[in-house]
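Trainee: Order-wise, the sequence lines are chains A and B.
Following my numbering, the numbering of the first sequence begins with 1 at its first residue and continues without gaps.
Following my numbering, the numbering of the second sequence begins with 112 at its first residue and continues without gaps.
Errors might be hidden in some of the hints.
[To be verified] Here are the simulated DSS-like cross-link-like pairs (lysine-lysine), alpha carbons at most 30 Å apart as the crow flies:
id: 1; chain 1: A; residue 1: K98; chain 2: B; residue 2: K151
id: 2; chain 1: B; residue 1: K152; chain 2: A; residue 2: K56
id: 3; chain 1: B; residue 1: K163; chain 2: A; residue 2: K70
id: 4; chain 1: A; residue 1: K70; chain 2: B; residue 2: K147
id: 5; chain 1: B; residue 1: K163; chain 2: A; residue 2: K110
id: 6; chain 1: A; residue 1: K56; chain 2: A; residue 2: K36
id: 7; chain 1: B; residue 1: K147; chain 2: A; residue 2: K67
id: 8; chain 1: A; residue 1: K98; chain 2: B; residue 2: K129
id: 9; chain 1: A; residue 1: K98; chain 2: B; residue 2: K130
id: 10; chain 1: B; residue 1: K133; chain 2: B; residue 2: K147
id: 11; chain 1: A; residue 1: K36; chain 2: B; residue 2: K133
id: 12; chain 1: B; residue 1: K151; chain 2: A; residue 2: K67
id: 13; chain 1: B; residue 1: K152; chain 2: A; residue 2: K36
id: 14; chain 1: B; residue 1: K163; chain 2: A; residue 2: K98
id: 15; chain 1: B; residue 1: K129; chain 2: B; residue 2: K152
id: 16; chain 1: A; residue 1: K98; chain 2: A; residue 2: K68
id: 17; chain 1: A; residue 1: K36; chain 2: B; residue 2: K147
id: 18; chain 1: A; residue 1: K67; chain 2: B; residue 2: K129
id: 19; chain 1: B; residue 1: K133; chain 2: A; residue 2: K93
id: 20; chain 1: B; residue 1: K151; chain 2: B; residue 2: K129
id: 21; chain 1: B; residue 1: K133; chain 2: A; residue 2: K70
It should be emphasised that the hints constitute simulated quantities derived from the structure, not laboratory data.
Given the structure is predicted, the values throughout are model-derived calculations rather than measurements.
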Amino acid sequence: GEDVEQSLFLSVREGDSSVINCTYTDSSSTYLYWYKQEPGAGLQLLTYIFSNMDMKQDQRLTVLLNKKDKHLSLRIADTQTGDSAIYFCAESKAAGNKLTFGGGTRVLVKP
Amino acid sequence: ETGVTQTPRHLVMGMTNKKSLKCEQHLGHNAMYWYKQSAKKPLELMFVYNFKEQTENNSVPSRFSPDCPNSSHLFLHLHTLQPEDSALYLCASSQDPGTSNEQFFGPGTRLTVL
Numbered sequence: 001g002e003d004v005e006q007s008l009f010l011s012v013r014e015g016d017s018s019v020i021n022c023t024y025t026d027s028s029s030t031y032l033y034w035y036k037q038e039p040g041a042g043l044q045l046l047t048y049i050f051s052n053m054d055m056k057q058d059q060r061l062t063v064l065l066n067k068k069d070k071h072l073s074l075r076i077a078d079t080q081t082g083d084s085a086i087y088f089c090a091e092s093k094a095a096g097n098k099l100t101f102g103g104g105t106r107v108l109v110k111p
Numbered sequence: 112e113t114g115v116t117q118t119p120r121h122l123v124m125g126m127t128n129k130k131s132l133k134c135e136q137h138l139g140h141n142a143m144y145w146y147k148q149s150a151k152k153p154l155e156l157m158f159v160y161n162f163k164e165q166t167e168n169n170s171v172p173s174r175f176s177p178d179c180p181n182s183s184h185l186f187l188h189l190h191t192l193q194p195e196d197s198a199l200y201l202c203a204s205s206q207d208p209g210t211s212n213e214q215f216f217g218p219g220t221r222l223t224v225l
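With the rest of the complex left out, here is chain A (with noise of 0.2 Å):
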């Protein structure tokens, strides 16, 4: 079946890099999302990658995908406290519309 996991909870310090992590079961997953939610708010999408890539950059945020481990990571350089917020981590199938949620890691930034 469909799983994505995500550890809770991510604390950093302002300016350092941040690294969020998450673990989906389903191998032929083929689109995988990262979503920011701030508090009171809607998702907003960050960045996406297809399963045939291994790495994305846009700007200050560096996805990675390891499809063997079945692994994706985002990194958040230069961390702000604007960035403080809930991560979700998702993925889709090449067909068909429906994304499958991670339970979001709450990042906290510390001035």
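Fit chain B to the known structure of chain A by using the hints.
Mentor: Just chain B, lined up with the frame of chain A:
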């Protein structure tokens, strides 16, 4: 307005009430979704509509009744809810079904059932 909007943002209702949640997307998308986000569970997909037709019902109880009159609007009609239905209900939309599935979310309706 731009993006995906939801009204109301907060709703408190009794178990015998009937209420509706509204979602509107201004992105020209063809697919719309309802999700439930509760405190102790991962985000749960409830319903999917593609080109106004329901294509997925994720075993949602019948006390939740979705309605999609056109590609821009999605409603969730609520009746005889239970306290465990209290959650954040998120609406999302995407351009086309079966593609990269980049979904854009609204801010959600925080529902409390007394």
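Trainee: Run every hint past the structure and note whether it holds.
Mentor: Hints, verified against the model:
1. A:K98 <-> B:K151: Holds: A:K98 and B:K151 sit about 21 Å apart, inside 30 Å.
2. B:K152 <-> A:K56: OK: B:K152 and A:K56 at ~29 Å, within 30 Å.
3. B:K163 <-> A:K70: Given that 30 Å is the threshold and the Cα spacing comes to 35 Å, the pair is violated.
4. A:K70 <-> B:K147: holds, 26 Å
5. B:K163 <-> A:K110: violated, 45 Å
6. A:K56 <-> A:K36: The given pair, whose Cα atoms are some 17 Å apart, holds under the 30 Å limit.
7. B:K147 <-> A:K67: holds, 29 Å
8. A:K98 <-> B:K129: OK: A:K98 and B:K129 at ~29 Å, within 30 Å.
9. A:K98 <-> B:K130: holds, 27 Å
10. B:K133 <-> B:K147: holds, 14 Å
11. A:K36 <-> B:K133: holds, 23 Å
12. B:K151 <-> A:K67: Since the Cα atoms of B:K151 and A:K67 sit roughly 28 Å apart, the hinted pair holds (cutoff 30 Å).
13. B:K152 <-> A:K36: Cα-Cα ~17 Å, so holds.
14. B:K163 <-> A:K98: Roughly 16 Å separates the two Cα atoms, so the pair holds.
15. B:K129 <-> B:K152: Judged against 30 Å, a Cα distance of about 25 Å means the pair holds.
16. A:K98 <-> A:K68: Given that 30 Å is the threshold and the Cα spacing comes to 23 Å, the pair holds.
17. A:K36 <-> B:K147: OK: A:K36 and B:K147 at ~16 Å, within 30 Å.
18. A:K67 <-> B:K129: Since the Cα atoms of A:K67 and B:K129 sit roughly 47 Å apart, the hinted pair is violated (cutoff 30 Å).
19. B:K133 <-> A:K93: Holds: B:K133 and A:K93 sit about 28 Å apart, inside 30 Å.
20. B:K151 <-> B:K129: holds, 25 Å
21. B:K133 <-> A:K70: Distance ~37 Å between B:K133 and A:K70 Cα, so the pair is violated.
The structure fails to meet hints 3, 5, 18 and 21 from the earlier list, while all remaining hints are met.
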